[in-house]
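Q: These are the residues of each chain, in order.
Number of protein chains: 2
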Amino acid sequence: MPQEKPLFERVALIGIGLIGSSLAHVIRRENLAGEIVVSTRSPQTLQRAEELGLGDRYEADAAKAVEDADLVILSIPVGAYSAVAKQIGPHVKPGAILTDAGSTKGSVVRDVAPHVPEGVHFIPGHPIAGTEHSGPDAGFASLFEGRWAILTPLPDADPEAVEKLTAFWTACGSKVDTMDPEHHDRVLAIVSHLPHIIAYNIVGTADDLEAVSKSEVIKYSASGFRDFTRLAASDPTMWRDVCLSNRDAILEMLGRFSEDLAALQRSIRWGDGDALFDLFTRTRAVRRSIIEAGQEVDAPDFGRHPEIQTPGE
Amino acid sequence: MPQEKPLFERVALIGIGLIGSSLAHVIRRENLAGEIVVSTRSPQTLQRAEELGLGDRYEADAAKAVEDADLVILSIPVGAYSAVAKQIGPHVKPGAILTDAGSTKGSVVRDVAPHVPEGVHFIPGHPIAGTEHSGPDAGFASLFEGRWAILTPLPDADPEAVEKLTAFWTACGSKVDTMDPEHHDRVLAIVSHLPHIIAYNIVGTADDLEAVSKSEVIKYSASGFRDFTRLAASDPTMWRDVCLSNRDAILEMLGRFSEDLAALQRSIRWGDGDALFDLFTRTRAVRRSIIEAGQEVDAPDFGRHPEIQTPGE
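Those sequence lines, one after another, are chains A and B.
With the first letter of the first sequence counted as 1, position 154 gets the number 335 in the working numbering; the numbers rise by one all the way through.
With the first letter of the second sequence counted as 1, position 202 gets the number 383 in the working numbering; the numbers rise by one all the way through.
Calculated directly from the structure, the hints in this document are not laboratory data.
Be aware that one or more of the hints could be misleading.
[Claimed, not checked] Just the calculated beta-carbon pair ranges, DEER-fashion:
| # | chain 1 | residue 1 | chain 2 | residue 2 | range |
| --- | --- | --- | --- | --- | --- |
| 1 | A | S470 | B | Q225 | 22 to 28 angstroms |
| 2 | A | E391 | B | S394 | 40 to 46 angstroms |
| 3 | A | Q225 | B | R210 | 26 to 32 angstroms |
| 4 | B | M360 | A | A264 | 16 to 22 angstroms |
[Unchecked claim] Derived DMTMM-like pairs: lysine to aspartate or glutamate, alpha-carbon spacing no greater than 25 angstroms straight-line:
| # | chain 1 | residue 1 | chain 2 | residue 2 |
| --- | --- | --- | --- | --- |
| 5 | B | K395 | A | E363 |
| 6 | B | K395 | A | E185 |
| 7 | A | K356 | B | E488 |
If you're wondering where the values come from, they're calculated on a predicted model, not measured in any experiment.
In this text, a Cβ means the ideal position worked out from N, Cα and C, and glycines have one as well.
Assemble the whole structure, with the sequences as input and the hints as a guide.
A: Have a look at this one:
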């Protein structure tokens, strides 16, 4: 239900891709801000945002966009944070909340905190939501519904500001958790970064084969491969930056994954059917838990077959 | 449109899981057989098939089920083929077509061919379709629609029988390709077996972490991980057998995957952003091709958000 009185007078959205444009939609729908100011580096994207009517005002200059905003949200690739923070820092007004939607949090604290003026509430954040599409056309108001938003406030964060930002994400439809940036980065390394890296890798491997043609890979992809192509179609700039910004946690998870894969490969080589069966049984329960937690659709094949209802298990 | 006259007088479905029960539904809908005989090893499953009305007759004994059938379809885990072929072989009538839906074809030729009597047309097959659900409740008539069915006839196969089986799969809604069993097994190793193995592995890795709790993995799974849990929820017996039956091709693909992953890991460790960006860009095109080929839904996030239409790319 839309707010009677906006939570914020002016929100500045820096970056207007999938996350930024989804925020614009839901802020509008829920009446979360009196004014939405949109800024992004590319003139084409800014123009497209205007054509889509995502904001009330459009600024090519991010420093101008944040002026007098009481909420500033960065939704840009994490590799660009340092430069943008340096640019906008001096122009964010005291008392304002500065947050973001980046997939890594340690790097964000490192890159942004030095540029945050006294009196500005810097509270890093990360909505756990997305699709494989990107750009201002990709956003939609319900993206955050039922998903989690993680905040990683610094030890000296103002509780009232954290509460206000929590109210914002709640109004967007999200559930909110707080944790420290290091823990966030380890959690995301396994639930998000590793899956994307593995998906990119397997699609690359398939694309490189000589003995199997590209057309065969495409024709028969419904047997499993196509699932991986979704994550592997995600925004390349965003994911390059994630890999560079969360290196240590990603390398740790990759090490564990490869170790487990070597053991699984050995079971296949030596025909250890029991070991295979045990692993393949254990993993089944995980999906059931995710569906029960409301984080996945309860329909076979992700609901790709709308003509059928969920059959009994 | 249903056939005016059934293609076959009597079809025997040996195994009545996801594939067998989907066949039962589409055979009925399209009037592809005068009579459907269902057989499966487990008395509970056979009873459930009867409750669901999947067949016209139910036989605990597969040898009895195949009597006088002019089409026999094995839809059982490939590890069970040898024993079942030995059991039913002598009872399949001359002139009948004996085919299957197994995910490996070299092992099927090896395990079944020795038990096929003179005059029976043994044509291994594999519909490239499925969901992560299993059992007689999981089937639905449209499973094969628009998907490929691969036949791997032996060199001395009767062209007329191959043509008739092709007509059968076409009537099920499939497109049909033929290739030799070795090539099938290499193709499926990359498009199906490797993706499943990788999915099982990553879900296992996540389940084993100490630093990240199971509840965190589940809560934040919408950031990528949940995609992998679908394949990792597939039938454990089926997939154990696939791993054991297509060992060589799977080990080859695993070798390539791990080699590529080591290179990718090195790019992450040494901060080679250009290499990451290049790979992440190249993989994006593969998904577009799969959607254009009609092998994937043209909606963001597999259509998990029915409230939105496909945004412009």
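Q: All hints are to be evaluated individually against the structure, with a verdict given for each.
A: Now the hints, each set against the structure:
At about 26 angstroms, the CB distance of A/S470 to B/Q225 agrees with the hint of 22 to 28 angstroms. Taking the beta carbon of each, A/E391 and B/S394 are about 43 angstroms apart, inside 40 to 46 angstroms as hinted. The supplied range of 26 to 32 angstroms is broken by A/Q225 and B/R210, whose beta-carbon atoms lie about 50 angstroms from each other. In this structure, B/M360 and A/A264 break the distance hint of 16 to 22 angstroms, their C-beta atoms being roughly 53 angstroms apart.
For the suggested pair B/K395 and A/E363, the alpha carbons sit about 18 angstroms apart, so the restraint of at most 25 angstroms is met. With a C-alpha separation of about 39 angstroms, the suggested pairing of B/K395 with A/E185 is violated against the 25 angstroms cut-off. At roughly 20 angstroms between alpha-carbon atoms, A/K356 and B/E488 fall within 25 angstroms of each other, so this suggested pair holds.
The structure shown violates the earlier hints numbered 3, 4, 6.
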